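Using the sequences and the hints, build the whole thing.
Chain order of the listed sequences is A and B. If you count the first sequence from 1, you need to add 2 to reach the numbering used here. If you count the second sequence from 1, you need to add 93 to reach the numbering used here.
Hints are supplied without guarantee of correctness; some may be wrong.
To be verified - Just the calculated beta-carbon pair ranges, DEER-fashion:
hint, chain 1, residue 1, chain 2, residue 2, range
1, B, 517, A, 113, 22 to 30 angstroms
2, A, 184, B, 100, 42 to 50 angstroms
3, A, 16, B, 105, 48 to 56 angstroms
4, A, 28, B, 517, 33 to 41 angstroms
5, A, 28, B, 501, 52 to 60 angstroms
6, B, 100, A, 114, 16 to 24 angstroms
7, B, 463, A, 117, 38 to 46 angstroms
8, B, 520, A, 220, 25 to 33 angstroms
9, A, 131, B, 96, 20 to 28 angstroms
10, B, 417, A, 184, 55 to 63 angstroms
To be verified - Stretch by stretch, here's where chain A covers chain B in the computed footprint (C-beta under 8 angstroms, at least three residues):
hint, region
11, 99–111
12, 432–446
Claimed, not checked - Selected chain B positions facing chain A (Cβ under 8 angstroms, derived; list incomplete):
hint, residue
13, 94
14, 299
15, 449
16, 452
17, 524
18, 527
19, 528
Think of the hints as simulated: they come from the structure by calculation, not from any bench. Remember, predicted model here, so these are calculated numbers, not experimental data. All C-beta atoms, glycine included, are put in the ideal place defined by N, C-alpha and C.
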Amino acid sequence: MTPLVQVENLEKRFDAVRALHGVSFEVEAGEWIAIMGPSGSGKTTLINILGGLDHPTSGRVVVDGMEIGELSERELTRYRSDKIGFVFQQFHLVPYLTALENVMLAQYFHSITDEKEAAEALRRVGLEDRLEHLPAQLSGGEQQRVAIARALINHPKLILADEPTGNLDEENEATILKLLHELHSAGHTILVVTHSQAIGNLADRRVELEHGRLARITLPVR
Amino acid sequence: MFFRIVSDSFARKPRRKALTAAALALGMAVATATLEVALDVGDRLAREFRSLGANLLVTPATDTLPLEIGGVDYRPVDAGAYLPEGELGKLKTIFWRNNIVGFAPFLDVPVEIASPSARGNQVGGAGAHDTAREMLIGTWYSHSVDVPDGSKFVTGVSSTDPWWHVDGRWFSDGAEETLIGAGLAQRKNLRVGDTLTVRSGERAHALAITGIVSTGGREDNAILAPLKVAQDLAGHPNRYRRLLVSALTKPADAFSERDPSKMTPAEYDRWYCSPYIASISHQMQQELPGIEVRAIRQVAEGEGRILTRVGSLMWLVTFAALFAAALAVGATSATTVLERRSEIGLMKALGASRRTVSAFFIAEQLLLALVGGIAGYAIGLELARILGIGIFGMAPTVRWILFPIVLVLAGVVALLGSLMPLERASRVDPAPVLRGE
Ligand SMILES: Nc1ncnc2c1ncn2[C@@H]1O[C@H](COP(=O)(O)OP(=O)(O)OP(=O)(O)O)[C@@H](O)[C@H]1O
Ligand SMILES: [Mg+2]
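Right, here's the structure in full:
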């Protein structure tokens with residue numbers, strides 16, 4: 003079986019800055035990967051390229067049989083809505099839309115909205131009674147759960163989470179972790195950038211970056 | 094979902110939205126008003142000249158052939174027939190008296206003028222003023238006529254030719270004052286405030302120039318003076334030679350053209366009681382024997398030009414107002430895009446295409462245009478009313494067709510104004526935005 007994600011000799015430069023170079027690894031479908039490394043090591047850059055938000059300078063990135071570097075802008079847009087579910091450190095919900103509408107927004111960009119399904123996604127993250135609340139009326143942890151529901155709604159091939167618990171306290175972190183765990187058990191492929199050893203230990207493998215290079219791939223210590 | 098998002102988003106930043114809508118409303122108000130007026134100018138031209146402008150010319154029935162050169166009657170003052178001024182009041186006693194909007198008698202006298210010697214040739218020596226023959230037109234500006242029923246009727250050029258343009262002020266009918274035609278004034282270097290001496294034979298008048306008149310007609314090269322002055326110079330007190338009457342009339346039709354002497358009494362009654370030019374002329378002739386009445390349709394070039402100029406000015410103002418509104422919209426929407434960069438970046442990260450992002454933006458702008466357009470139209474109607482009263486003396490007809498046009502204009506302005514911000518919005522790169530830059 004071909005891996006879901008293949009990264010080969012990936013290089014990304016921002017002018018003089020080499021954010022990534024010589025990075026190669028593969029991710030099997032259903033795997034949970036933790037991307038770790040010190041600040042500035044290129045974790046976000048890697049996630050953005052995998053998510054079709056940024057172009058690689060050179061190298062090959064193939065996701066679900068599609069070579070990201072070759073896609074046109076229009077195809078990238080399609081790719082993002084079809085294959086990727088994003089979760090960000092800053093949650094990034096639309097402030098004037100309710101929790102339910104924020105989830106439906108992703109449906110809308112993907113194809114058509116289905117309010118029932120959106121409500122069901124929010125129920126899965128434990129927010130069934132907060133459907134009509136605006137982001138400002140939700141706690142950070144709750145907002146991140148809305149973001150996870152939004153990431154899941156279009157059944158993406160790949161869930162990309164960039165420090166999803168970076169802005170949360172321990173209690174909320176635990177809730178999010180539990181959710182990620184459930185998603186993993188349900189067969190989702192997850193790449194999560196994290197500084198947290200706890201999350202790193204829950205993942206199947208840890209991809210460790212240092213100065214834009216792949217330092218090592220380790221197995222969690224359980 | 095689209096509308097849900099647009100309406101949710103529309104409720105945000107009400108202050109800025111209100112500002113944009115206000116800019117649009119203002120632009121649309123001016124556009125509505127000026128368009129109303131500009132469109133009305135054409136209509137009004139026709140109607141105005143028919144209803145207010147002179148449309149009947151009265152001359153003595155037995156007159157010598159006029160010796161007219163360039164519209165000026167050059168017959169000697171003692172040739173030809175004259176009409177008595179004193180009978181003019183009877184015009185307001187005919188059956189259709191209320192349709193007689195106004196009238197102005199005219200008496201032309203060739204005069205010699207002496208230019209003020211203060212200016213012109215400085216050294217010239219003795220008798221340094223040059224003399225020349227010019228035409229003096231005597232008429233009423235706003236004269237009170239005694240009507241036989243005891244009432245008074247104030248009329249004159251002010252009601253037959255209200256669009257004559259005067260720099261300065263009109264003469265008063267009883268004073269030794271005069272208006273100089275613009276062409277003549279330029280030729281003879283005459284100015285408001287000068288005193289002009291006019292001479293005919295033994296008689297002379299020193300007239301104070303109160304204004305410069307431009308009509309686009311023969312008056313531009315003549316001296317316009319109170320009828321009394323002309324009568325005195327001509328030696329024909331209380332006489333006039335031509336009378337312009339402006340009467341509200343019904344357009345001619347087959348019936349109006351028929352010869353009243355061959356009508357049945359019933360037909361005659363009906364004809365008599367319809368305000369046709371023919372029947373009004375007929376009634377005038379009954380009151381003022383010895384006159385001949387001719388219908389004239391004169392939309393003098395100059396008059397038309399002035400109103401046409403008003404019209405084109407209106408178009409210019411419309412354009413300027415729309416342009417200003419577009420600029421204002423552009424400024425506010427640029428701020429909006431800047432502010433909402435992160436939101437736009439997020440939408441793109443979630444898979445929104447450029448077109449989808451643009452559509453949200455356009456929908457919001459159009460919604461603003463709708464609000465601004467409706468408000469602007471309402472304000473504009475009121476503005477048009479005020480403008481119309483200022484220009485025509487009455488409010489322009491409300492044209493409902495302008496409403497959709499104004500809405501479309503508002504939309505176009507809102508979109509044109511936000512074209513650049515829109516382009517920027519659709520090009521927002523999600524990666525840096527999400528990184529929090
Ligand atoms: N748009 C950009 N322009 C220039 N340099 C950039 C840009 N984006 C990232 N970089 C640089 O690339 C390197 C990797 O950045 P990246 O954001 O991937 O690090 P990171 O591992 O996510 O760090 P952190 O843990 O702080 O989030 C950094 O040196 C950063 O300054
Ligand atoms: Mg990062």
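Tell me, which hint numbers fail for this structure?
-> Violated hints: 2, 3, 7, 8, 14, 16; rest satisfied.
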